[in-house]
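Residue numbers (our numbering), protein chains in the order written: chain B, 1 to 1004; chain G, 1 to 178; chain V, 1 to 493.
Honestly, I wouldn't trust all of these hints.
[To be verified] As a list, the in silico DMTMM-like pairs of lysine to aspartate or glutamate whose alpha-carbon atoms are at most 20 Å apart:
1) B/Lys176 / B/Asp404
2) B/Lys564 / B/Asp625
3) V/Lys448 / G/Asp145
4) V/Lys457 / G/Asp13
5) V/Lys215 / G/Asp22
6) G/Lys50 / V/Glu489
7) B/Lys932 / B/Glu109
8) B/Lys426 / B/Glu444
9) B/Lys718 / B/Glu805
10) V/Lys215 / G/Asp145
11) V/Lys17 / G/Asp13
12) G/Lys154 / G/Glu16
13) V/Lys448 / G/Asp13
14) B/Lys523 / B/Glu159
15) V/Lys215 / G/Asp33
16) B/Lys735 / V/Glu328
17) B/Lys146 / B/Glu159
18) B/Lys269 / B/Glu721
19) V/Lys215 / G/Asp15
20) V/Lys35 / V/Glu6
21) V/Lys457 / G/Asp15
22) V/Lys457 / G/Asp22
23) V/Lys23 / G/Asp13
24) B/Lys932 / B/Asp907
25) V/Lys215 / G/Glu44
26) V/Lys23 / G/Asp145
27) G/Lys46 / V/Glu221
28) B/Lys689 / B/Glu611
29) V/Lys448 / G/Glu16
30) V/Lys448 / G/Asp19
If you are wondering where the hints come from, they were derived from the structure by calculation, not from laboratory data.
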Amino acid sequence: MDSNKKYWKGLEELQQTPAFVEKSKGEFSESIPVEDVLSEAGLSTRTPRRDFLKALGFGLGAVTLAACERTPAHKAIPYLIKPEEITPGVPNFYASSFKGQSVLVRTREGRPILLEANPSAVGLNCGTDASAQASILDLYDTSKLKAPKFKGADISWDELDTHVVTALDAAKAAGKQIRIVSSTINSPSTIAAIARFTEKYPTARLVEVEAVSYSGILKANQNSFGKSVVPYYRFDNADVIVSVAADFLGTWLSGEEHTQQYISNRDYKSLQKGKMSRHIQFEGGMSLTGTNADVRVAIKPSEEGPLLIALYNAITGSNLPGALSSNQKAQTALKLVAQELQQARGRAVVVAGSNEVAIQTLTNAINVALQSYGSTIDLDNPSYQYKGDDEAFASFLAEANRGDVDVAFFWESNPLYNYPNQEAVKAALSKIKFKLSFSDREDETASELDAIAPNHNFLESWGDAHPRGGYYTIVQPTINPVYNTRQVEHSLLLWAGEKTDYYTFVKNNWEQQLLVGSSKTWKDVLQTGFEYKGDQPATTYSFDFSTLGAVANTLASHSKALAKDVEVQLYQSIALKDGKQGNNAYLHELPDPVSKVTWDNYAALNPKFAESLGLGENSLVEVADDSGYKVTLPVLMQPGQAMGTVSIALGYGRTKVGKAGNNVGKNAYPFVKLVNGTLQFNTTAKLTKASGNYELAQTQTHHTIEGRNIIRETSFAKYKENPGHNAGSWTDSHKTYDLWNKYEQPGHKWVMAIDLNACTGCGSCIVACNVENNIPVVGRDEVRRRREMHWMRIDRYYAIEQGGESFTEEDEIRHLDDMENVSVVHQPMMCQHCEHAPCETVCPVLATVHSSEGLNHMAYNRCFGTRYCANNCPYKVRRFNWFNYWNDSRFDNYLNNEFTQLVLNPDVVSRSRGVMEKCSMCIQRIQAGKLKAKIEKRTLKDGDIKLACSSACSANAIIFGDANDPNSEVSKALKNERVYYVLEEINVQPGIGYMTKVRNTYEA
Amino acid sequence: MSNFKYIIGSFADPDELMDGIDRLQANNVSIYDCFTPMPIHGIEAKLGVKPSRLPIAAFCFGLLGGTLGFSLLYYTMFYDWPMNIGGKPALPLPDFVPVTFECTILITALGMVATFFYRNHLFPGRAPRVMDLRATDDRFILAVDANDNADHLKIETLLKEAGAVEVKYNERKYVSYE
Amino acid sequence: MSSHNESILREPLITGKDITYAKITDDILLPVENKPNRAWWIGFILAALGALLWVFSVGYTFWTGIGAWGLNKTVGWAWDITDFVWWVGIGHAGTLISAVLLIFRQNWRNSINRSAEAMTIFAVICAATYVVAHMGRPWLAYWIFPLPNQFGSLWVNFNSPLVWDAFAISTYFTVSLVFWYCGLLPDIASVRDRAAGLKRRIYSIMSFGWNGSVKTWQRFEIVSLILAGISTPLVLSVHTIVSMDFATSVIPGWHTTIFPPYFVAGAIFSGFAMVQTLLLVMRKVMNFENYITMFHIESMNKIIMATGSIVGIAYLTELFIAWYSGSEYEMYAFANRIAGPYWWAYWTMMTCNVISPQLFWFKKIRTSIPISWVLSIVVNIGMWFERFVIIVTSLHRDYLPSSWAMFYPTWTDVGVFVGSVGLFFTMFLLFIRFLPGIAIAEVKLLLKSASLQQKSKLIKEGHLDKGQVEFFTNSLTKFDSVTEEEIKELETK
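Just need the whole structure built from these sequences, with the hints factored in.
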């Protein structure tokens, strides 16, 4: 029986006096001072006993958790209040775009850690190049400005604004010119913003300039078709591709996009359809594209014009003067090429890399003759990625010299580093009253100007891009601005007196302009990341062939001018391109796809030519042009380089870019010449042997396969007879015995298929792997000691062709006298996850064992570093932590700095000193994928899991998947007749199949 | 009167020591023990010392070692946590040979030597029980228990005849006792 | 009875006039019982400096990481394992002398086995230091043993030759140590009974209370014999297992079935060379000429020659098999050794190990102390290069040419090696200073059978075959410790 007795303490309770009621309410409750904690007061606020206990409890948990992981992350600050879109440990993806390419940004706990191509961006590139992959590191670059500067001193934005506005108003009042010097701007919103700015300051004008410009093409198309645009090339429609010194798979326009199109006619799928395009490359230096060509003919820069004339004559049957008379090899090749092209009318394309108007005009003529326009070249949906106009900048300098310009803004433009004529720029700048840079760092130019208004990193910005006709991509921030920076458009709007913030501006711009008549809303766009408005229908273009006479003459004179001394070809390296990302350690350590050199640019010379100059390995050479500029560069023996030419990479030798990039290599921009309105990257110089030696840091120092069967090649003709030609599995020809029973792999069996025909060797997979797996950057000296840490590498092998034979053995090659004809093959190489892994057997402490899913596991914490596994690895893919790379001042590339460490992928531990590491097939992604499927209560689908390398590859050369799933792409690919396994005969049973390299050569 | 415990005949030559043993035994004088700076072959036979059983001990230790070694391998590699190491079976018998062998040798050696030390009371710090300090240098010592054998003069003469350089009467059993 | 007169044809193992048991003790304990001479001090200071260098180099390596060495992604082992194998190899001679020669009743071992065994122990210690030092995380070295741990069922990989190594080396070290110390007991007792005061107390503790009673000696001899019996297969197994570090791998030039016997022969070869190097100096500095005689020196030279030839044949067999196998990788590996970037290492090895020991066919060279000494050092240089060639030339160019690389040592590599030599000599010099460098008891055994004075006594007694006597006296001529007069005197008889 329950009692309803009531005990009361004191009369107040009995009488329930208001005072008592008031008190008793809050008797035990104490509000948790979250606001205080979050506010500036931070943790210094007074903490009530209970919160203290809670905190204690949590702290205990947190510490225990933190203790479980041996990561270099020193502090783990838990969320006090969890943002509802973030689950710790689960990545969020945001659609954004990098240089106009739609990408997904992978963020963890609010920090971007990886870029991936936006898979849903149909028609756009679905791979990323090295610079896109590495750009994530630029966000965490400690060399960036932390606040605006005025006359070298830090300053608040308000003050800066007043300075700028006064300067602008003064200029306006005085009717003087205002110039915004910028690299190409194709963002509709930015253009709108600038328009808004010019409303306020009518004398303001935008000057677009590119360090490496394509104004040759722009002008040529202006002259030929009255359209000053860079066309959009469609290599996927081309069966015959002729490139004259255009590195279109690498740095020419958008290489990755071209790669994707180009490979679609050459990869295993296309080959199974019995289709393979033919690609002929005429060039001086050995470019990435050259290494992939079916036929590559070395020509000097001075021969480019004559060669095109000859080609034109051969195709159209006309006879322009000045056709190629020298270079027998090229001429013979030319005849065949001409026939090929004629047969492939409408399915052919000819591209030229030169920035010379005449050459581009002639190329246009040839393409018109080949009916390329509308099929392989699209002028109606042109590319807007490079609108830089060399003449515009020249005239800007002239204006400034005249003293007409009072205010100049420099945006993504660094003329004091990359403009050939530094003196001219200095002189001009000195005449300008107020000069401001939007650079995110005190670079060569910014440091010389009055003010710096540091711009956001693209991962902190709102915006959009219009890379080519019909395509619009969005840029959305994935992290709050790290430093006290401000987006350029925002600044411009402010100065123009516009109050709306830039986000609203972009949003309005889209809703009022771009999304008009489209079903999509702004939110949809933010999700998909891009908007495709469909292509413009092709229109026909007439070409006035009568002008070609004049063109031929200019060509003749130019080629005469070039044909003296040593012909210099200035090119962009795959990693650093024009040098904008000059402070990116990932890119500096990315080996050049052809030379495998890191951390330097060099003078690439044909070995025979070098001999004739008395130069050898590790020797230095002084390059001096007639303007008097000279640099001393290390010599690189480059087979395939045209005799009498030297290739030098631009984008190096920056002096004020930051810790990692300062004084790496030498600046070659001053060699560039401004010849009638366009920058010319082919020039001449004198080479003289310099004293001293210099060892380049190469990741590969032996360049041939020594006749070993690790690379299997065949020709397209042979392939058509027998798809399995030269592939073949060891077991077909030999009886093999297995001492042991096979281990069952009932669940998954993770394997890869690598298509040697698809891989162009561009190396974006390497950077992707570095970013995904927190791989240390070790710096030049350690690479010299052959200690780079890259988990995957791309082996590049030369075969020297002479007299119809190809030589791969050192001592044979030593006796050859012609090193111009080289065939190259790229072989991605990473841990093969062998079923009979030699590394596993020898590890004394079981730090590396085999998983039931066919993976070769590596337990870092168990490894004590005997290095036996690495010694016993036939593929030499294991990497050893020689030092504590994340805590050793000598390797201050990115792992040492607490801020830069934010780029680390929390799913992958950073390895301590004395531990072995290697490709894990991104096991963290495999696990995540399996977990996702499990949560969604479904079986894993093929394609659920993509590896860092394969998802970065535009060419789909790396196919990953489950061999136990007969319908997975990889098992299909591995059934391909071309498949072979490297070193299969030593019966380690590698898990990665390679497909033979097929060349569509003539002799076939 | 006879407060000494042992009669010590010290010889300069092993052969004379043997001779001494013969003479004493001929006169059925029981010999306590001999202390020599080096092993003298055949002396144990003379004194009727039984052959050592250490080899048997060694053999047993060998067996033990082998078994322990193999069972360690079997337990760790096969029973406790088998795994796929380079595709090899979890019970790779050939790979077990070296370690099993080494364990056998190790246990044999340690076990046998331990037994040896145990049976001879040899251990660090054990006070040396020496009847004549020169027994480890250049003297071959023949010790007779003075209480068991009464006729000490006879013993002395016998030893002298045999060629003992010196005959001592020890009051303490061990001179070197510390 | 204890002194059965051995055949007069056998050369004496102890020379010198009126040697008595007392004199043997005095002679051998001379260095232990007196202040060390200058020669010892000079040697010791040099060695100690070396040891210091070792401490510094190893310390530096531990501090900065293995990156302090010249290794790289392709060549993961170089000087470290070269030195390791070199030291282990040197160790082997000691056990062979004390064990195998004991089983074969080679009495001449009696006067050299002690120092040889000491050498073994110190060499193995030096080797062991590399096992730890070459690790990326040496503080975890104990993981090599199957210890119960907090991870539950986390054991070691008994497929891995490195684990076999760990067991082999530690067993080998333990057994050698036990063997050596048992042998020391009677001699320590001699020191004890001659010493006084603190010294006596210390040696008394070390002597385990040894008294030369009959039963003790009987068991002592049994133990020695059985230890010898098990040490023989042990010593063979140790270098066999070391060789398996390479033989069981897949690397061309390593993956070779001939390795076990070839390594063992090489080990004996280098070991005897090292014994030679040490003893030739020791007998001079410590005046042991009467106990370590020309006969010993010559016998060891003969063994060096024999094992050297075995090694030579092994090299040639390797080459033949490489060619005969038809495996292009194997062929290249050996072609690369002979004519590749490391050709000089290969040919140094060939000259030092195959050519130089053949000189011992000449008695003049065999019995010349300076030449033997120089050659013994040459042989050890050669054996170091053998290991260097096997390890580095095989690794630096294996299967995929893309990762071929060169190895260049750093100062640390050199420091650790030179230092370890210093460490070795420091330990050895301390040994001969504080412990009898020759097994006193065992030498005493020889006095009445194999000593020169015994044999001359027999000759003087005269009823011996003249021809045999002549043969004997002729054999004496090569002895540097026997004077002309002594020989004259015998001949006149």
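- request: Hint by hint, work out which the structure violates, then give me just those numbers in ascending order.
  value: Per hint list: 3, 6, 14, 20, 22, 26 violated.
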